[in-house]
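Taking the hints into account, I'd like the entire structure generated from these sequences.
Those letters in the sequence shown? Residues 1 to 237, by the numbering used here.
These are computed hints drawn from the structure, not numbers from a lab. Where hints are given, some of them may not hold.
As a list, the in silico DSS-like pairs of lysine-lysine whose alpha-carbon atoms are at most 30 Å apart [unchecked claim]:
| hint | residue 1 | residue 2 |
| --- | --- | --- |
| 1 | Lys201 | Lys168 |
| 2 | Lys179 | Lys201 |
| 3 | Lys188 | Lys168 |
| 4 | Lys179 | Lys132 |
Since we're looking at a predicted model, the values are computed, not measured.
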Amino acid sequence: MAQRIDGVEPFQNINLEIARGRVTDTFAINKFGYNGQVGSAWETVWDGNNEYTYIETASVAQAASDAAASADDNATILVQGLDANYAEVEETLTVGGAAGSVLFYRIHRAILATHPTGDSNIGNITVTCDSKSAAIITEDLGQSLMAVYTVPAGKTAFLVQVDAGCGKDNEHEIRLVVKHNGGVWNTKSYHSQRGGFNGIKFEIPIHIAAESDVEIKAKASATSSVSGGFELIIVDN
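Laid out in structure tokens, this is it:
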């Protein structure tokens, strides 16, 4: 059935209208990540190939690359995250340059914006904050691949889909976990798969409160690559 929201013309696909910004006080988040070396212990699905370590003290961020001959220096990247009040913030940093001025408490995405010599990053660019690797842009990918997100203050997230793909035909365990404002991890979705791709849609979305960390973790019976992602609809409280 067609729906009318906030006086706009009736439409059939509400998800499309959310993406177009036509639904008031609502936006969508699509988070996806990749871990090329998942082992037998739980790891976060992100570029770091380990369990993600969260920022503990709001701090400025700095970007550096491991490219030979400083080949990525003077590239710029857009860093997105939250401040100590869980408000959304972002900042453009220069690779190989000074630290920025924004105090980040969470970082959930880094995007290559410009490059002095090409159209992609030559090495791995790491965003460091509070002495932690908060985001990594893997060589040639142009954006961090991290299935990690924190719900901003004053918002509620609704989980509508989670998915995962595995690079080897062995046993994998995949789970989506949530931690509210420094509390404990709760598993909200858990599935097993043997290679291939699996996606789960939630006909009744899962409620996730403001100031909650969300991430996908994986483990495998033998070292394997895992990709994973989740989709959220975010609404104002």
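Going down the list of hints, with the structure as the test:
1. Taking the CA atoms of Lys201 and Lys168, the gap is near 24 Å; set against the 30 Å cutoff, the hint holds.
2. Restraint check for Lys179 and Lys201: satisfied, since their Cα atoms lie roughly 21 Å apart, inside the 30 Å limit.
3. A threshold of 30 Å between alpha carbons decides the hint, and for Lys188 with Lys168 the separation of about 25 Å falls inside it, so the pair holds.
4. For the suggested pair Lys179 and Lys132, the alpha carbons sit about 19 Å apart, so the restraint of at most 30 Å is met.
Of the numbered hints given earlier, the model fails none.
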